[in-house]
Amino acid sequence: MLQPKRVKWRRPHIIKYEGLSKAGNEVSFGTYGLQATEGNYVSDRQIEACRIVLSRYTKRQGQVWIRIFPHLAKTKKPAEVRMGSGKGSPEYWVAVVKKNRVMFEIGGVPDEVAIKALEMAAYKLPLKTRVIKKEVK
1 MLQPKRVKWR RPHIIKYEGL SKAGNEVSFG TYGLQATEGN YVSDRQIEAC
51 RIVLSRYTKR QGQVWIRIFP HLAKTKKPAE VRMGSGKGSP EYWVAVVKKN
101 RVMFEIGGVP DEVAIKALEM AAYKLPLKTR VIKKEVK
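Position one of the sequence shown corresponds to residue 1 (the numbering used here), numbered consecutively onward.
Quick caveat, the hints were computed from the structure, so don't treat them as lab data. Here the structure is a predicted model, which means the values were calculated and not measured. Virtual Cβ for every residue (Gly too), placed ideally from N, Cα, C. Check each hint, because a few of them may be wrong.
Straight-line distance between alpha carbons at most 25 Å, and here's what the computed BS3-like set of lysine-lysine pairs gives [unchecked claim]: (1) K99 x K16; (2) K133 x K74; (3) K76 x K16; (4) K77 x K87; (5) K98 x K74; (6) K98 x K134; (7) K98 x K116; (8) K116 x K16; (9) K134 x K124; (10) K74 x K59; (11) K59 x K16; (12) K5 x K116; (13) K124 x K8; (14) K8 x K87; (15) K22 x K128; (16) K133 x K116; (17) K87 x K99; (18) K99 x K77; (19) K87 x K76; (20) K5 x K77; (21) K76 x K134; (22) K99 x K74; (23) K22 x K133; (24) K98 x K76; (25) K87 x K5; (26) K116 x K99; (27) K8 x K74; (28) K16 x K87; (29) K124 x K98; (30) K128 x K16; (31) K77 x K8; (32) K98 x K128.
Simulated restraints, written as ranges between beta carbons of each label pair [claimed, not checked]: (33) R45 x S85: 26 to 36 Å; (34) R56 x E26: 20 to 30 Å; (35) P12 x P126: 15 to 25 Å; (36) K74 x V136: 24 to 34 Å; (37) E80 x E112: 44 to 54 Å; (38) K87 x V113: 41 to 51 Å; (39) K116 x K5: 32 to 42 Å; (40) Q61 x Y123: 40 to 50 Å.
All chains, full assembly: derive it from the sequences and hints.
Dropping the structure here:
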């Protein structure tokens with residue numbers, strides 16, 4: 001799974017996913033991209049599931065770019081523990097995805113294969129998405 005090699009703070013404060021993404025909202029590397037139409041947290045396991053779907057459906061042809069990384073640790077207290085006594089220990093890592101953020105890009109495969117692969121990857125995500133094409137300048 002994806003996770004940072006090193007972090008400054010082990011148990012960080014929350015980062016909100018409301019609002020618009022100020023960067024990373026255009027297709028930069030591939031031909032097609034999967035863009036978020038709402039904000040949410042995407043876990044490291046969900047990112048890995050999308051990567052597997054994209055590589056398997058395209059039969060490892062072309063190239064896949066993952067434009068998000070799970071930097072935020074989510075904490076959880078053990079089951080049946082009384083209130084208080086500090087924050088829980090880190091359980092898993094999430095990427096904070098805001099609206100209009102391009103999460104995955106794909107290139108080097110036929111258009112219908114790229115669109116179908118991105119639609120299948122969208123099933124693995126906890127947010128609504130759309131497939132967008134790179135604008136030709």
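Evaluation of the provided hints:
A C-alpha spacing of about 12 Å is found between K99 and K16, which places the hinted pair at or below 25 Å, so the restraint holds. For the suggested pair K133 and K74, the alpha carbons sit about 33 Å apart, so the restraint of at most 25 Å is broken. For the proposed pair K76 and K16, the alpha carbon gap of about 18 Å is at most 25 Å, so the pair holds. A hinted pair counts as satisfied when its Cα atoms are at most 25 Å apart, and K77 with K87 qualifies at roughly 7 Å.
Restraint check for K98 and K74: satisfied, since their Cα atoms lie roughly 17 Å apart, inside the 25 Å limit. With a C-alpha separation of about 20 Å, the suggested pair K98 and K134 falls inside the 25 Å cut-off, and the hint holds. Proposed proximity of K98 and K116 is supported: the alpha carbons are some 23 Å apart, at most 25 Å. For the hint linking K116 to K16, the alpha-carbon distance of about 31 Å lies beyond 25 Å, and the restraint is violated.
Our distance criterion of 25 Å between C-alpha atoms is met by K134 and K124, whose separation comes to about 23 Å. Between K74 and K59 the CA atoms are separated by roughly 34 Å; this puts the pair beyond 25 Å, and the hint is violated. The suggested pairing of K59 with K16 is violated, with an alpha-carbon distance near 36 Å, which exceeds 25 Å. For the proposed pair K5 and K116, the alpha carbon gap of about 33 Å is over 25 Å, so the pair is violated.
Using a Cα cut-off of 25 Å, the hinted pair K124 and K8 is violated, with the two alpha carbons roughly 30 Å apart. For the given pair, K8 sits about 17 Å from K87 by alpha-carbon distance, which is consistent with the 25 Å threshold. Between K22 and K128 the CA atoms are separated by roughly 18 Å; this keeps the pair inside 25 Å, and the hint holds. Of the supplied pair hints, the one linking K133 and K116 holds, its CA atoms being roughly 13 Å apart against a limit of 25 Å.
As the CA atoms of K87 and K99 are separated by approximately 29 Å, the hinted pair breaks the 25 Å bound. A threshold of 25 Å between alpha carbons decides the hint, and for K99 with K77 the separation of about 30 Å lies outside it, so the pair is violated. For the proposed pair K87 and K76, the alpha carbon gap of about 8 Å is at most 25 Å, so the pair holds. This hinted pair checks out: K5 and K77 have alpha carbons roughly 23 Å apart, not beyond 25 Å.
The hinted pair formed by K76 and K134 fails the criterion: a straight-line CA distance of about 40 Å is larger than 25 Å. Of the supplied pair hints, the one linking K99 and K74 holds, its CA atoms being roughly 20 Å apart against a limit of 25 Å. Only pairs whose Cα atoms come within 25 Å are accepted, and K22 paired with K133 is accepted, the gap being roughly 19 Å. Only pairs whose Cα atoms come within 25 Å are accepted, and K98 paired with K76 is accepted, the gap being roughly 23 Å.
For the hint pairing K87 with K5, the CA-to-CA distance comes to about 22 Å; that is within 25 Å, so the pair holds. Between K116 and K99 the alpha-carbon distance is near 22 Å, which keeps this suggested pair within the 25 Å criterion. Only pairs whose Cα atoms come within 25 Å are accepted, and K8 paired with K74 is accepted, the gap being roughly 15 Å. Only pairs whose Cα atoms come within 25 Å are accepted, and K16 paired with K87 is accepted, the gap being roughly 18 Å.
Using a Cα cut-off of 25 Å, the hinted pair K124 and K98 holds, with the two alpha carbons roughly 17 Å apart. Of the supplied pair hints, the one linking K128 and K16 holds, its CA atoms being roughly 17 Å apart against a limit of 25 Å. As the CA atoms of K77 and K8 are separated by approximately 21 Å, the hinted pair is consistent with the 25 Å bound. With a CA separation close to 11 Å, the supplied pair K98 and K128 stays within the 25 Å bound.
For R45 and S85, the Cβ-Cβ distance of about 28 Å falls inside the hinted range of 26 to 36 Å, so the restraint holds. Against the hinted window of 20 to 30 Å, the Cβ-Cβ separation of R56 and E26 comes to about 27 Å, which satisfies the hint. As the Cβ distance of P12 to P126 is approximately 20 Å, the hint placing it in 15 to 25 Å holds. The hinted range of 24 to 34 Å is not satisfied by K74 and V136, whose Cβ atoms lie roughly 40 Å apart.
Taken as a hint, the range 44 to 54 Å holds for the pair E80 and E112, whose Cβ atoms sit roughly 51 Å apart. Checked against the given bound of 41 to 51 Å, the beta carbons of K87 and V113, roughly 45 Å apart, stay inside it. Between K116 and K5, the C-beta spacing of about 35 Å keeps the proposed range 32 to 42 Å intact. Checking the proposed 40 to 50 Å range against Q61 and Y123 shows it is violated: the Cβ atoms sit about 21 Å from each other.
Figure legend: structure checked against the earlier numbered hints; hints not met, in rising order: 2, 8, 10, 11, 12, 13, 17, 18, 21, 36, 40.
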